[in-house]
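Keeping their order, the protein sequence lines are chains B and V. Residues 1 to 124 in the UniProt record's numbering are what the first sequence lists, from first letter to last. Residues 1 to 424 in the UniProt record's numbering are what the second sequence lists, from first letter to last.
The set of hints was computed from the structure by calculation and includes no laboratory data. Just so it is clear, the structure is predicted and the values come from calculations on it, not from any experiment. A virtual CB, placed ideally from N, CA and C, is assigned to each residue, including glycine. Incorrect hints may have been included.
Stated by the list, open to error - Calculated pairs, DSS-like style, for lysine-lysine (alpha carbon to alpha carbon, straight line, at most 30 Å):
1) K19/B <-> K412/V
2) K271/V <-> K28/B
3) K38/B <-> K28/B
4) K49/V <-> K75/B
5) K38/B <-> K61/B
6) K28/B <-> K412/V
7) K75/B <-> K61/B
8) K38/B <-> K271/V
9) K75/B <-> K74/V
10) K141/V <-> K35/B
11) K412/V <-> K342/V
To be verified - Going by beta-carbon spacing under 10 Å, a handful of chain B positions derived as facing chain V:
12) L6
13) S10
14) S18
15) Q21
16) T51
17) T55
18) I65
19) I67
20) E73
21) K75
22) G106
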Amino acid sequence: MLYAILCYASEDVVCSWSKEQDEEVMTKLLGVQEKYAKAGRLGPVARLLPTTAATTLRKVKGESIVIDGPFAETKEQFLGFYTLECNDLDEAVDFARELSEVNPSGGSYEIRPVSVFNPTRVSA
Amino acid sequence: MTELGWISTAISTARPQAMGALLRYFRDLDAAEEAFQDACLRALNNWPKNGPPRDPAAWLIFVGRNSGIDAVRKRAKQAPLPEEDQISDLEDAETDIAERLDGAHYRDDILRLLFICCHPDLPATQQIAVALRIVSGLTVKQIARAFLVGESAMEQRITRAKARIADAGVPFETPGAVERSERLAAVAAMVYLIFNEGYSTNSGEAPARAPLCEEAIRLARLLLRLFQTEPEIMGLTALLLLQHARAPARFDENGEIVLLEDQDRGLWSRKMIDEGLALVDKALRHQKPGPYQVQAAIAALHARAAKPEDTDWTEIDLLYSLLEQMQPSPVVTLNRAVAVAKVRGPEAALAMIEPLEQRLSGYFHFFGLKGGLLMQLGRGEEARTAFDRAIALANTAAEAAHIRMHIDRLMKEGAAQGASRKAH
Chain B
1 MLYAILCYAS EDVVCSWSKE QDEEVMTKLL GVQEKYAKAG RLGPVARLLP
51 TTAATTLRKV KGESIVIDGP FAETKEQFLG FYTLECNDLD EAVDFARELS
101 EVNPSGGSYE IRPVSVFNPT RVSA
Chain V
1 MTELGWISTA ISTARPQAMG ALLRYFRDLD AAEEAFQDAC LRALNNWPKN
51 GPPRDPAAWL IFVGRNSGID AVRKRAKQAP LPEEDQISDL EDAETDIAER
101 LDGAHYRDDI LRLLFICCHP DLPATQQIAV ALRIVSGLTV KQIARAFLVG
151 ESAMEQRITR AKARIADAGV PFETPGAVER SERLAAVAAM VYLIFNEGYS
201 TNSGEAPARA PLCEEAIRLA RLLLRLFQTE PEIMGLTALL LLQHARAPAR
251 FDENGEIVLL EDQDRGLWSR KMIDEGLALV DKALRHQKPG PYQVQAAIAA
301 LHARAAKPED TDWTEIDLLY SLLEQMQPSP VVTLNRAVAV AKVRGPEAAL
351 AMIEPLEQRL SGYFHFFGLK GGLLMQLGRG EEARTAFDRA IALANTAAEA
401 AHIRMHIDRL MKEGAAQGAS RKAH
């Protein structure tokens, strides 16, 4: 089963990290991913720009309206995700726990089984 | 990150909101600062023991408010107490306060906190210093280092500025739409000043002043989160990000300034550029152009050029002409002339800047550009006169040497171009 691990944390806090703090956390998070990547289980991973860069398209009375900002104003924001092939939920929880241990942001990881997966290649 | 590191990040993140709310509550800057300080001390003591609160800002506001009330009570027993002074259950109260901190309120709180620092009687440097102290929570020592002055001089400057602010009184009423947008414009200008204070730096000073740029970006992002649909705030944030993205390439190993066209573009921060470009895109959709958006769009064109020769100077010329209409200034025209020289040649650029000579007679960039253009036209003698003026206007010997080095190169390039021009 393919799982999506969705990261939520306060963007205020994460954006306040110094460059050094940010790099330290990212290095540790990469370290956690390494063994999963080597085992061929890690799918696409993304870190998103702050929600201030977000735009939301919403249908109001049948009409699509483009609004500045994220889908919802929340205390914690959706900051990125991982995809991981797991035999069971326990494995997905273990992965999320390893991530959270090296992440000082104090946020949450939502573990969601993937229903449709279409890994289109884009050149970034 | 250590636990203490985490706590201090959480506190500085919560600071603008907590200080803004405490200021609304106590209507006095010193009282708000004292209350916040006290709440921070308690946080340092409490959070490691009990774990960090879910909403650090609400916690600090609640604890700060109570300690402030205590202080007021001790100082003057007869003073009337604000209501709700007896809240025993911290947990409930925290939720209660968090709920009452609805978006609009907290938006105006933070805006007010920033706005009182922009008092028109205060010179720009004092506005910046006091904002860094009150809003960002930088220590006097940190601010003094960034401004390259002694600590006691900075302490005095901040104290004087705060006294002026206190005399002026804090505007407590919730602002109307027009007033809110005026405040936002004043605050945006101040954030830009903070950035420029860190950005326009001489060789060797960059590392000490970089925190000013980072703080300005943090404040711009904060403003944008509060006013998500303001294209000018998108433009401001984008402008700062796009300019700061070049920071790693702006100085060579000797701490000397590297000009834009000589910078190693591989050193530019891709992440900041991406965020900046995304914000420019978002802003332009509104079709409500303003000076920050135009400047951000110009910075975006530089950021998009993988090599200096890929730069879209035609578009930059166009954007500067738009900026000239919005914000007429000889310096803007001077910048435009650089683009004009690339697009229409040195003669057109020279014609554009010559009328500015009187107003820019103290500005060494003017004479540097004029000399460069004259060189390209093969008018070596006049060029030398202009370059001599530029050198005479340098502030330090190091700056003069730096200008001289660039002039030497311009002379070589110009001589070559002038020669080929004559040969045609």
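task = Hints the structure violates: just list their numbers, smallest first.
result = 1, 5, 6, 9, 10, 12 and 18
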